[in-house]
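In case you want the letters, here they are:
2 protein chains.
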Amino acid sequence: MIMSRRTVIAGAGAAVTALGAPSLAGAATPAAGRQSPGVYRYTVGNVEVTALIDGVARRQVTADFVRNAPLEEVKGALRDAFIDPNLLPITYTLLAVNTGSRLIVIDTGTGGRTAPTAGQALENLAAAGIDARAVDTVLISHFHADHIGGVRLKDGSLAFPNAEVVVPEAEWAFWMDDAQMSRAPEAMRGAFQTVRDVFQPMAKDVRRFKGATEPVPGITAIPTPGHTPGHTSFRITSGSDQLIVWSDVTNHPALFVRNPGWHVMFDMDPTEAETQRKRMQDMVATDRLRVAGFHFPFPAVGHIAQRNAREFAFVPDVWNPAL
Amino acid sequence: MIMSRRTVIAGAGAAVTALGAPSLAGAATPAAGRQSPGVYRYTVGNVEVTALIDGVARRQVTADFVRNAPLEEVKGALRDAFIDPNLLPITYTLLAVNTGSRLIVIDTGTGGRTAPTAGQALENLAAAGIDARAVDTVLISHFHADHIGGVRLKDGSLAFPNAEVVVPEAEWAFWMDDAQMSRAPEAMRGAFQTVRDVFQPMAKDVRRFKGATEPVPGITAIPTPGHTPGHTSFRITSGSDQLIVWSDVTNHPALFVRNPGWHVMFDMDPTEAETQRKRMQDMVATDRLRVAGFHFPFPAVGHIAQRNAREFAFVPDVWNPAL
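Sequence lines, in order, name chains A and B. The working numbering applies: residue 1 is where the first sequence begins, and numbers increase by one. The working numbering applies: residue 1 is where the second sequence begins, and numbers increase by one.
Cut-off 25 Å, straight-line C-alpha distance, at most; resulting in silico cross-link-like pairs (SDA-like, lysine to any residue): (1) B/Lys75 / A/Ala305; (2) B/Lys75 / B/Thr62; (3) A/Lys75 / B/Val315.
Across the chosen pairs, the derived CB separations fall in these ranges: (4) A/Arg133 / B/Pro85: 37 to 45 Å; (5) A/Asp241 / B/Leu323: 33 to 41 Å; (6) B/Pro85 / A/Gly156: 46 to 54 Å; (7) B/Asn86 / A/Lys75: 36 to 44 Å; (8) A/Glu311 / B/Ser101: 42 to 50 Å; (9) A/Gly211 / B/Pro30: 31 to 39 Å; (10) B/Gly100 / A/Glu123: 22 to 30 Å; (11) A/Arg59 / B/Gln200: 53 to 61 Å; (12) A/Gly156 / B/Arg34: 30 to 38 Å.
No lab work stands behind these hints, which were simulated from the structure alone. Note that the Cβ used here is the ideal one computed from N, Cα and C, for glycine as well.
Isolated chain A, as found in the complex (with noise of 0.2 Å):
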């Protein structure tokens, strides 16, 4: 077992060899230079949950990315979090429900179609050993598109040719309203044209779930408007636990947990998303709950930590590395 450049080593002399650090550069192995799958399991009762990345983008911080705070709070408020304050990235994280009898895949990552270092989900699913095509359902938490853009692959095929897609009415009825999007500022008219691209062709297949109803067995909505018109969070429910699912309710937690008073630039009405994002805060905060955010840093689980009246802190979970 001894390997012979080691017992020429040896051979030098324990004296040296404890002492100094001879050149022994062996055969250089390159470098990876890719992250590997971002894929992590968890339960939630009986229900396993896969975690997939789809990706991230890096964002400039500009003065309009926080419409109401200086920016110079918002970047003090990343370099708390030992994050580039010049550049926050922003990850995306869908998830995979499998409830024994159903496999629903919840929000679908960008397909591609925004970031270059976006578009991983279906890759991280091989990874994870799903099928796409076994996916039963996928449900939406509402249409901007790395949620719904990864419904289809970039050759506008179905990423789950197997799945029904279900929907909150709401959003439905305000991003496929031309009215709607003939009034939008010029701004929005690529997240109304990503909404038809999707859509469009199977629209009479979808379907649609009005309020606070149970649109997959086991799977509760729970209406959180605001960030759009139709945002709607999840509650996962098994024997005794639960996981709250609560997509875009807030973006990066280092911002918006921490500061739930702050109006993310992607919020459509700020005032009634900041209603919602400190009543689903306060909530899991004061029941302890478990929630998963689509926005939160991969895996993108964990708790709501509050500290007094006014401090706020995402918790994630520890890293189970056995089931």
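Starting from the structure of chain A, add chain B where the hints point.
Just chain B now, with coordinates in the frame of chain A:
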């Protein structure tokens, strides 16, 4: 692209599909029932670091776990971190460090010698695309079994057959000393025996380094005794970037980063360990240095925030899906 079963649903009328949740059980997909590989990559200048989780031990939190704090305070700290106050998960994360010219493993994990929920290091190394035979150097921080156990496979053969094993001289001097072993309390005999099982067959090939030297090019040693007599931290430097690898300077951050004065039962010289912990914690907090901790939650890398003179917190890095 329209699936027949969805066509059937659509045929039942949009109003019905919008409101009801028709029973649509697809073929059930079996739960995976296991965690995905715990592999995470990051860079330090031109150096590529791959964090690999070896597993977890779940430890009953008894009165002697923290020697100098009331059990209720310890449990309170765990509750604050949303961790089961009776069963603390202590995870093990080792590092594979590719400097371009060398591939170094820092600490080796348990080798499957301790908890049945640990011993995943080599499996995760393979998942990371790293051949154990390509590892040039195994660099050891200290001689506890969860750090050296993985030097050998369970059959006794070398896990990294082509690697030079490099250890702190002060650890070697203490643990290989038969007089120390004979003086040790009965409960520590196993630890001494593990050291012998691992190192005795290769004793003349092990390279020992003394003090604040550079045991491997680009990696300097920082003596941090107390946890064990020769416990050593490392500093990986590349260009203007650096990473502090502090091994067991702290155990779980929810307890010992928050309370650097607390003495975990594993610290052999608790007073000296506290001194080193406070010194290192002050250094990385003040200089905002990134730090890897063997018992930090995976991927076990982040910063230490100091909010005021007494309040520290571990801030994990945001998972980066695109290197």
